[in-house]
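**Student:** Required output: the full structure, derived from the provided sequences and hints.
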Amino acid sequence: MASQVQATPAPKAPGLSRKASEALHAYLFVSPWIILSIVFTFGAMLYVFYLSFTNLRLFNTPDFVGLANYTSVLQNKLFWTAVQNTLEYAVVVTFFQTWLALILAVILNAKIRGKQFFRIGWYIPSVTSSVVISLVFVWVFFKQGILNFALVTLFGWAGFQPVAWLTDASAHTALPALMLLNISTTAPTFMLYFLAALQDIPEEIYEAASLDGAVGVARFFKITVPMLRPIIFLVVVLGTIGTLQIFDQAFIMTQGGPLNQTTTINLLIYQAAFTNSEMARASAMAFILFVLIFFLFLVQRRFLGENSQ
Amino acid sequence: MATKATTRPAAVPVTQAKTVEREPMYYVLMTIRYIVLILMTIIFLGPFFMALLGSFKSTAEVVAWPPTFLPKEWRFQNYVDVWNVLPDEHGNSYFPRWLLNSFILSASIVVAQLFFCSIAAFAFARLHMPGKGIVFAAMLSTMMIPGMVLMIPKYQILNALHLVNTYWAIIIPGVVSAAMIFMLTQFFQSIPKDLDEAAQIDGAGIFTTYWRVILPLAKPALVTLALLTFQGVWNDFLNMLVLLNTPDMFPLTVGLAFLRGQYGTFYNVVLAGSMFNTLPMVLLFIIFSRFYVQGATYSGVKG
Numbered sequence: 001m002a003s004q005v006q007a008t009p010a011p012k013a014p015g016l017s018r019k020a021s022e023a024l025h026a027y028l029f030v031s032p033w034i035i036l037s038i039v040f041t042f043g044a045m046l047y048v049f050y051l052s053f054t055n056l057r058l059f060n061t062p063d064f065v066g067l068a069n070y071t072s073v074l075q076n077k078l079f080w081t082a083v084q085n086t087l088e089y090a091v092v093v094t095f096f097q098t099w100l101a102l103i104l105a106v107i108l109n110a111k112i113r114g115k116q117f118f119r120i121g122w123y124i125p126s127v128t129s130s131v132v133i134s135l136v137f138v139w140v141f142f143k144q145g146i147l148n149f150a151l152v153t154l155f156g157w158a159g160f161q162p163v164a165w166l167t168d169a170s171a172h173t174a175l176p177a178l179m180l181l182n183i184s185t186t187a188p189t190f191m192l193y194f195l196a197a198l199q200d201i202p203e204e205i206y207e208a209a210s211l212d213g214a215v216g217v218a219r220f221f222k223i224t225v226p227m228l229r230p231i232i233f234l235v236v237v238l239g240t241i242g243t244l245q246i247f248d249q250a251f252i253m254t255q256g257g258p259l260n261q262t263t264t265i266n267l268l269i270y271q272a273a274f275t276n277s278e279m280a281r282a283s284a285m286a287f288i289l290f291v292l293i294f295f296l297f298l299v300q301r302r303f304l305g306e307n308s309q
Numbered sequence: 001m002a003t004k005a006t007t008r009p010a011a012v013p014v015t016q017a018k019t020v021e022r023e024p025m026y027y028v029l030m031t032i033r034y035i036v037l038i039l040m041t042i043i044f045l046g047p048f049f050m051a052l053l054g055s056f057k058s059t060a061e062v063v064a065w066p067p068t069f070l071p072k073e074w075r076f077q078n079y080v081d082v083w084n085v086l087p088d089e090h091g092n093s094y095f096p097r098w099l100l101n102s103f104i105l106s107a108s109i110v111v112a113q114l115f116f117c118s119i120a121a122f123a124f125a126r127l128h129m130p131g132k133g134i135v136f137a138a139m140l141s142t143m144m145i146p147g148m149v150l151m152i153p154k155y156q157i158l159n160a161l162h163l164v165n166t167y168w169a170i171i172i173p174g175v176v177s178a179a180m181i182f183m184l185t186q187f188f189q190s191i192p193k194d195l196d197e198a199a200q201i202d203g204a205g206i207f208t209t210y211w212r213v214i215l216p217l218a219k220p221a222l223v224t225l226a227l228l229t230f231q232g233v234w235n236d237f238l239n240m241l242v243l244l245n246t247p248d249m250f251p252l253t254v255g256l257a258f259l260r261g262q263y264g265t266f267y268n269v270v271l272a273g274s275m276f277n278t279l280p281m282v283l284l285f286i287i288f289s290r291f292y293v294q295g296a297t298y299s300g301v302k303g
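Protein chains in written order, with the numbering used here: chain A, 1 to 309; chain B, 1 to 303.
Straight-line alpha carbon distances no greater than 27 Å define the calculated DSS-like cross-link-like pairs of lysine-lysine that follow:
no., chain 1, residue 1, chain 2, residue 2
1, B, K219, B, K132
2, A, K19, B, K193
3, B, K132, A, K19
4, B, K72, A, K143
Some, not all, of what chain B presents toward chain A, calculated at C-beta under 10 Å:
no., residue
5, C117
6, V149
7, S177
8, N235
9, A257
10, V270
What the hints contain is simulated information worked out from the structure, not anything from laboratory work. All residues carry an ideal CB built from backbone N, CA and C; glycine is no exception.
**Tutor:** Written as C-alpha cells, this is what we have:
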C-alpha cells in the first residue's frame, strides 16, 4: 500500500481512504516548511543552546566547557551596559509608539477630509529599509542637520545650541536619538492596526456612552482603550520583540558609540560571532536574549492578554 | 445647540453634515485635529522629503548651515556619480551589480514563496490533517524567535554546505515564511468550502483543487504576499550582511552601508544611492497601497 502513497493529483488508490489521502497530501504540502524549520529554526535553536556550552570559535572542533560562556558573559560589564541600553530603548520606544499610534488612529478615525492622504503618506517610512532610514537620519541628526535647524529656529530664543546627536558623548543624546527615530518610523505602521480595529467598534457603544456623559478624554479611556485591548496587546508584544532586537540602526549609525552608549545586545552578539569569531560566546548571549524576550512576552500576556482580567 | 430637527446630543457627529449648523466647539476641535495631522506629517515625512531634496544638492550645500530647502542648483549628476562610485578590478561599477543582486534575490524568493506558502496554507485551511493544531502553533511560535539568535547556526549550516556568499544562502532558507503562510491561511479560510466540494464531485484531485479552484480565487492575497515579500527581501540587512561577504555579491542595502563607510562625508551621494533603494518601494506602495493595508490587517503581523 505504501507504494501507492505519492503526490498524484487525483489519488484513487482503492485501499486508501479519502481522509488518509488528504492527510498525506496535507503533510506533503506543508513539508517544505517542516523541513526548513527543523533545520533553520528548531534544530538551529537546539544547536545554539548546545554551542553555548562549548568553546567553538569559528572552525575548531567544539569541546564542552559547561557554563564558562555564561559566567564570562554575565561578568562582563559591557554586556550589562548593552542589556541596560536595550531595555531602556525597548521600554521607551514601545510605550511611546503604542500611545502615539493609538492617538493618531483615533484622530484619523473621525470624518475628516484627506484621511486617505494621511493613511498612505504616513506609511511611506514603513516601506523604507532600515538601512536607508539610518542613512537619512545620520544626516538629519548631525550637527548642521535639519533637526538642529528646526530646534534652533523654534527654541533658539531659549538658548538652544546645536548638538551632534549621534556623536557627542557628554550630551548623552545618541540613544534618545535612536529612540526618536524608531518611534517616528514605526508608529504609523501600528496606527494602521488600530485604525482597522477602531472601525470594528460599533457606533452604538459610543452613542450609549455619550448619553451617560462620557465624552472626549473620558470616552477615549472608558471605551476606546478597553475595546482595543487585544490589538494593544498585539502592538505591545510586536513592539517589544522588535525593539529588543535593535541592530541595523545601531550598526549603521553609531556602531555602539559614543562610549558604548548605543551598544545593544544584538550588536554584541553580531560582533562576537562575526567579527571576533567567538561563536560559542555569541551563542550564550543569543540564548540569553531569547530567554529575555520570551520572559517579557509572558509578563505582557499576564498583564495585557485576553485572560488577564 | 441651534439645530432644529435633532434630539441627539451634541457630541455625536451628525451624518447630514452640510445641512446642520454646528457648535463653535466643533470647529475648534476640527482645527486642532488638522494642526496635529499636519504637524505629524511634517515629523514623519519631513526627513525623507528633505533627504530627497538633499540628494540633488552639491556636497557643500547638503551640509551647509543654515540648511537650504530647495537645491540652489539641481545636481542630477549625484545619481550618475553614485552609479559609478565604486569600480571593481575590471573597472566595472559595483552599484548596478548591487541593484541586480537585490532584484534577483527578491524576485526568486517571491516566486518560491508564492508556491510553497500558498500550498502549505491550502493544507492548513482546507485539508484534513491530524496534528494540524500543533504544527500550526509551532509555526506561529517561530515568529517570536529573534533573527539574530538563528543567524549563528544558519551561518554554520550554510557554511558547512559551502553556500555562504552565494544566492542560495539567502534563497533556500527564504522559500517559506511563517508569516505569509499564516496570512494566506486566514485568507483561504474565508473562501466558501462548497467550491472545493463541487470540484471534487467533478472528479478533481486535491492538487487540482488547489491549483485550479483555490489559487485563482486567492489573487488579491497572492499579490499582497508578492509585494510584502519582495519588499522584505529588498530591504533586508542582517541576513545579507552575514551571509554575503564580497562586494560583488552584496545586495543594495549592504552596499549602501558599505558606501557610508567609504564615502560617509559625501552625504549627497549617499542620499542619492539611498533613493535607488527607497523609490521603487515607495512607487510600488503608492500604486498597490490597498494590498499593503490588507496584508497588515489580515495577518496582524508586521509585513
